[in-house]
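K.L.:
Chain by chain, the residues:
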Amino acid sequence: MSVLRSGYVRPTSLGEALQLLAQPGARPMGGGTDLAGLIDRGIGQVATIVDLQALALGGIRGEEGRVVIGATTTLSDLLDAQDMLAPYTALLEATAQAASPLLRNVGTVAGNLCQHTRCWYYRGPEWTCWLGGGDTCYAQVGDHRKHGLQAGDCISAHPSDLAPALIACAATVQLGSAWGDRDIDLADLYRRPTATERSLVDLEPGEIILSVTLPAPPDSSVYLRAGERQGFSFPLVGLAAARHGERVSMCAVGVANTPHVLDPVDPLAGLDGHPQSAWKRTVLATLVERSLATVAP
Amino acid sequence: MTRLVRSITEMEGRFEEKWVLVSDDEPEAWASDRPLAIVGHETPRTTGPTRVSGAARYTTDVSLPGMLHVAALRSPLAHGRVTGLNREAALAVPGVRAVLDSTDTLSFRSRSGPLYAEPEHAGALLAVVAADTLVAARAGVKALALTIDPLPFVIDVDEAFRDQRIDGEIAEESRGDVDAALAGADVRVELTVETPTQLQTALEPHGAVGWWTEGELTCWVSTQGIFDARSELAKRFSVAPERVRVVADFIGGGFGAKQGAGVEALLAVELSRRTGRPVRFINDRHGEQLDAGSRPATRQTVRLGATGQGDLVAIDSEVLTSFGMTGWRAVNTPAMTLYRCANARGVEANLKLHLRQGNAFRAPMVLEGVTAVEQAMDELAITLGIDPLDLRRRNFVDVDQPSGLPYTSNQLLACYDRVAELSGWVGRDALLEPSEDGLLRGMGCATQIWWGGGGPPSHATIRIGGDGIATVVTGIQDIGTGTLTAAQMVAAEELGLPLDRVRVTGGDTRPNVYGPVAGGSQTSPSVLPAVRGAAAEVKRTLLQLAGDVFEAAPADLDLVNGRFRSSDGALDEPYTEVTGKLGNATVDGSGMRGANPDGMRANTFGCQVAQVAVDPGTGEVRVEHVWAVHDIGRVINPLGARSQVEGGILQGMAFALSEEVAFDPTTGVPTNAWLDDYKIPSIADVPAMTIAFVDVPDTALNNVGAKGLGEPPIIPTPAAIANAFRHATGRRALALPLTRARVVETLA
Amino acid sequence: MRLTLLVNDERHELEIAHTARLADVLRDELGLVGTKIGCGEGACGACAVLVDGRAVNSCLLLAAAAEGHSVTTIEGISRDGLTPLQQAFIAEDALQCGYCTAGQVVAATALLAVNPSPTVEDVRAGMVGNLCRCGAYPGIERAILRLGQVAPA
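Chains as they are written, first to last, in the numbering used here: chain A, 267 to 563; chain B, 22 to 769; chain C, 181 to 333.
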C-alpha cells in the first residue's frame, strides 16, 4: 500500500490509483473544475487529491457497435470526436451546451457526471444544508425558484447536461475500486440521498468511474435545454430524448436532485413542483413536446 | 487672467453653488460647422496596447516587498450579534500579523463600523486578518471561529411598509393640482412595477493597497475618484492632503460603486499603520457581491392622466426603495422632468431594511424611474390607441419643468425621428403576425433623460519640451470609458499636433492637477474643456516662439498637423524646428473648466427601441435588436462612444432579463452573491445594435460642445424591452427581470 | 509540495501548497499578473491561460495538475510584440476597463488556432466563457472576425 506523503498525488497506474483512493479522505480528480471550486468554498474534507490524469483513462473508441468513453475524456474531446459520436446527437448537443469552452477543455466526462449540485444553499458558506450534513433543506423553506419539482429531503436540481443525454442513449458505466470492478446502468449511478447517505451518487468509498459505454445508437435523439442566458449557464431544465424504434426514452435534469427518467405516458408524473419552481413544469412539458417532435420518425 | 466666480455645479442632479476658478483666456466653443482634424474621428484608445498585452497594472496587481494580505470575516446573517471571536487563535496562525474587529479603537474616524458587533446586513465586515499570505489570512479568519446570535430582521418590502420602517422623511415634490387633474382627465392609467436589486459586478473587485512610510501615505485604490479618495483618507486619518498620494493607474470597472477611498483602503491603511508594512485588501468575489453595494430594488406606482388627444394632464408617482438602512431619493426625477405636464407629483420613501446599503450604479435612481414611467407611458399609448412614439413627441418639453430653465441643448425630437427611421418603427405591428419559429415578437420604445453637463472645478496642464512630446496631465481616472483618449484627442486638435505627439496621464494625485470623480457622466464635459484651455495656452506660446525662430509675425502663423504654416503658405516647417531648440526648457500651459452658463440646465437625451422574441413555452426572452439614438452634444470619439452605448445597452438589457439578487427569506442572506448564479450577459446574449448620435455640439455648455455619455445609454433599455415584451405578448410583467420563471408565470 | 512548472517556455521550480490554484501561483509566485482573477470559480474567464495550447480557467486548475504541461500566459502571447489579434482588439475597441481583456485575448488566440476563419456563431460559442462587464463584446466579436478575414485560406 502506498504511503501518502503529499496532499496531491498523480499515480501512473490504475492499480496504484485505486489503492490510493481506498484510503480515507482521498478524493479522485479528473480536471478538477468542480473539486477546486468545492475546496475554495470549503465544502467537504479533502485530505489527498488523487489526480487521475496520468492513467490513460481518457479517449474514445468504437468497438462492435458500441462506443466506450474513458472517464477522463474531456468534454472538448467529445466535441472533437464528432464523427464517432454523430449517431448520438443528444450527447453532442448536450456537450456543446455544457459550461464554457474553458471549462470543457479541462472538465471530464466522469467529473461532469459526478459534479455536486449547484444548489445555492448547498454551496453557500452561510448555510449547512441537509444534503451537506445539516438538519434543514433551506430551499424548501427559502428561495427555490431554480430547484427541483420532487418532494423529499433535498430538492436540489441535478446540474449535468451529459447525464440525461447518456441515460436516454442507455449508457452504462464501468466502475472500479480496490475491491473490484462493476458495470451498471448510468441511471443507477444516481440515487436519492438518505438520512445516513447524504450523497446523490451511488459510489462506494474509493470507487471511481473508469468509462462510460454507449450501446448501439438510437434511431434519433435530441437534447433541449432552458438556461439562464443564451450561453454558459447550468440548465434550469434539460431534456434528452432518444428513440429506439417505437420506444422513446426521456431523461430530464433540473427537475429533481438526480437525472430523472420520464414516464412516456405521463412525463410530469411525480414532478408536482414547489411554489416557486412549479414554472418548470411548463418548460418541461414544452421540451417534451418539442423533443418528441424532433425524434419522431 | 484667472478669477474666482460663483457658479452652479451639478452632480447627478444635486445642484450646489460654489466658488470656482475660471480663466478669461478660455477658448471660444468650436463652432458647430468648423471641421476638426482629430475630434469627431474614430480613434483607438491610447491605453490599448498596455491593456491587450496584460501589462496594465490594476490595484489587484500591486505587490510590494513585505506586503501583507487581508482576508475578511463577514456576517452570515442579515442581522445578528457577535458572541464569540477567537482572536488569540487567529493571531496564533503562522503568518498572521494583525487582527481587527469591532472592539479595536481605530485611528480613523467613522460614524459606525466599518467592523461591526451587530451587523445589519449579510456580508457586513466583522473582522479583518492581515497575514504574510492570503492563504494564511484566510486560515486566520477561519481560526476566529465566529459565533453569532441571530436577531430579528426585515428585508420584505410589504412587512417594512406595514411597520412603517421609513428612513427619515418621505420626500414629496409637486407642481399644480395632481388630484384634480387626474380626476378630470379623459383617460387615466395606473401601473405598479417592481425593479430588481442589481449588482455593479465590476470584474476587478473593490480593493486597495495602503502604505504608511515616515508619515507619508501612499494608497493604490480601485476608485472612480482619486481626489475624493485623497480627501477622504486625509480627513479620516487627520493628515494633510499633500502627504497623501492616491494612485489608480487602471481600474477594472466601477459602474458607480467605486466612490472615494472605500472601506478596503481605510482598513488597509489602518493595518499598514499598525504593522509598518504595506497592506493589500482586495475583496473576494463573494465579498464583493455581498458588500460592495447595489442598485436597490424599487416598487413604483405611476398614475397618468391625459386628454383624449394624448396631452398629459397629470403625473403621479409613488416610490418605495429598498436602500438598506438609509439612502437618497431621486427615482422621481423622470416623472417630474421627462414630459410636459403642469400637474406632477413624486412621493418617495426609503424603507429601512437589513440590506447592504445601495449606492451608485450607472444612472442611479433615474434608470429605475424611467423604467416605471416609460412603461406607464406605454400603457397610456395603448389605452389611447396612439403610437407610443407620437405620444412622446406630443408631450415633448424644451424647458426643465421644476426650475423653469431652458436646456443648453435638447435634440430629443431628432432622436425620436432618427430612431423611428432606423428601426422601422411605423411597421412594427407586422411583428405580431404569427411566425414560423413560433416566437412572439414585438417592439417597444423608451425615452432617456439624464444630466451629464459636467462643470468646474476641473483642471489640466500640458507641458512640451525639447523632444516635441506634449504631455497632458489630468487628475481623472480612466475606468474604461476612454476619457483619457478623448483628452489626448482634444489636446492634439487644439495644439495642431499629430495624436502620437501627445501623451496623456491621469490616475495619480501627486501632480496635484484636480479632476472630478468619474460619475454622473461628468468627466468629459468637465475635463475636456480644461484640456483644451491648456492646449490653447501652449499653442499661443509655440506660435510666439515660431515667430522668433522663423522671423514671422505670430499672428500670421498657425500650427497644423505638426507644421508651422504662414497664412500665405510661404512658410511650412515641422514644429520640431521650434521645440528642438528648447533643450531642457519646457513650454507649459494650464487650463480649467469654465463656469456653467447661468440660468440654464444641461441634460442629455435619447430614445431607444428594442425588439424582442418571446418563447411562451420556455419563458425565454431574447432581445433581437436595439436601436439607440442619443443627444450627447458633440461626439468626441465615435469609436469610444459606440462602445459606451453598447455597454450601457447590455447592462440595461441584463437588468431587464437576468440580473437580480435573490434573498433567502429565512436568513436575509443573498443566495446568489457569486458570479455563477448572478447572471451578467455573455457574448452569446448580445443583440444586434444600431447606434447613432444626433451629434450637434452644445456650444452653450462648454468650449468643446460635449455632454457626458456614461449613464445615458443604460437608462431607456429596460423599459424599451419591457414595452417590447408587452407588444409581443399582450401582457405586462409587473416585475423585472423577465426571467423564465417570471415570463411563464406572467403568460400563464 | 515541490513542483516544476513550464510557463512561457521557462521552467520554474516552486514550493507550493498542494491546493494552490494555478492562477495564484502565476500571479503571486511568478509575478505574471497579466492573468486576472475575476470570480475565482470559473464563471468569468479573466484568468484564462493556455495549457498545451488550450484555453482554461487557471482559477480552477490546481497548479500541481499543470506540472508536465506547457502553460502560456498573456505575457507569453505578447512576448514578441502585439499579435495581429491584439492589434485588432485595439482597432475595434474590443475593451473598456481592460480587466477581462487578457483572458479574452487568450481565449480568442486558442479559438483562432483551431478555427482560423470562424463564423459569428463560432465566435460566440467559443468566447462564451469570457465575461466582460463593460460589454465590449461587439468589439471583441468584430476583432476576432477581422482576424478570420485576413487569415490565409
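Source of the hints: derived by calculation from the structure; they are not laboratory data. Yeah, the Cβ is synthetic: ideal placement off N, Cα and C, and Gly gets one too. Treat the hints with care, as some may be off.
[Said to hold, decoys possible] Simulated restraints on C-beta separations:
(1) A:Glu329 to B:Glu457: 52 to 58 angstroms
(2) A:Glu463 to B:Ala113: 35 to 41 angstroms
(3) A:Val527 to B:Asp177: 38 to 44 angstroms
(4) A:Leu280 to B:Glu457: 28 to 34 angstroms
(5) B:Glu454 to A:Ala535: 51 to 57 angstroms
(6) A:Asp454 to C:Ala293: 38 to 44 angstroms
(7) C:Asp260 to B:Ala113: 22 to 28 angstroms
K.L.:
Each of the hints needs a verdict: does it hold here or not?
P.N.:
Hints versus structure:
no.: 1; hint: A:Glu329 to B:Glu457: 52 to 58 angstroms; verdict: violated, 43 angstroms
no.: 2; hint: A:Glu463 to B:Ala113: 35 to 41 angstroms; verdict: holds, 37 angstroms
no.: 3; hint: A:Val527 to B:Asp177: 38 to 44 angstroms; verdict: holds, 39 angstroms
no.: 4; hint: A:Leu280 to B:Glu457: 28 to 34 angstroms; verdict: violated, 53 angstroms
no.: 5; hint: B:Glu454 to A:Ala535: 51 to 57 angstroms; verdict: violated, 38 angstroms
no.: 6; hint: A:Asp454 to C:Ala293: 38 to 44 angstroms; verdict: holds, 41 angstroms
no.: 7; hint: C:Asp260 to B:Ala113: 22 to 28 angstroms; verdict: violated, 49 angstroms
The structure shown violates the earlier hints numbered 1, 4, 5 and 7.
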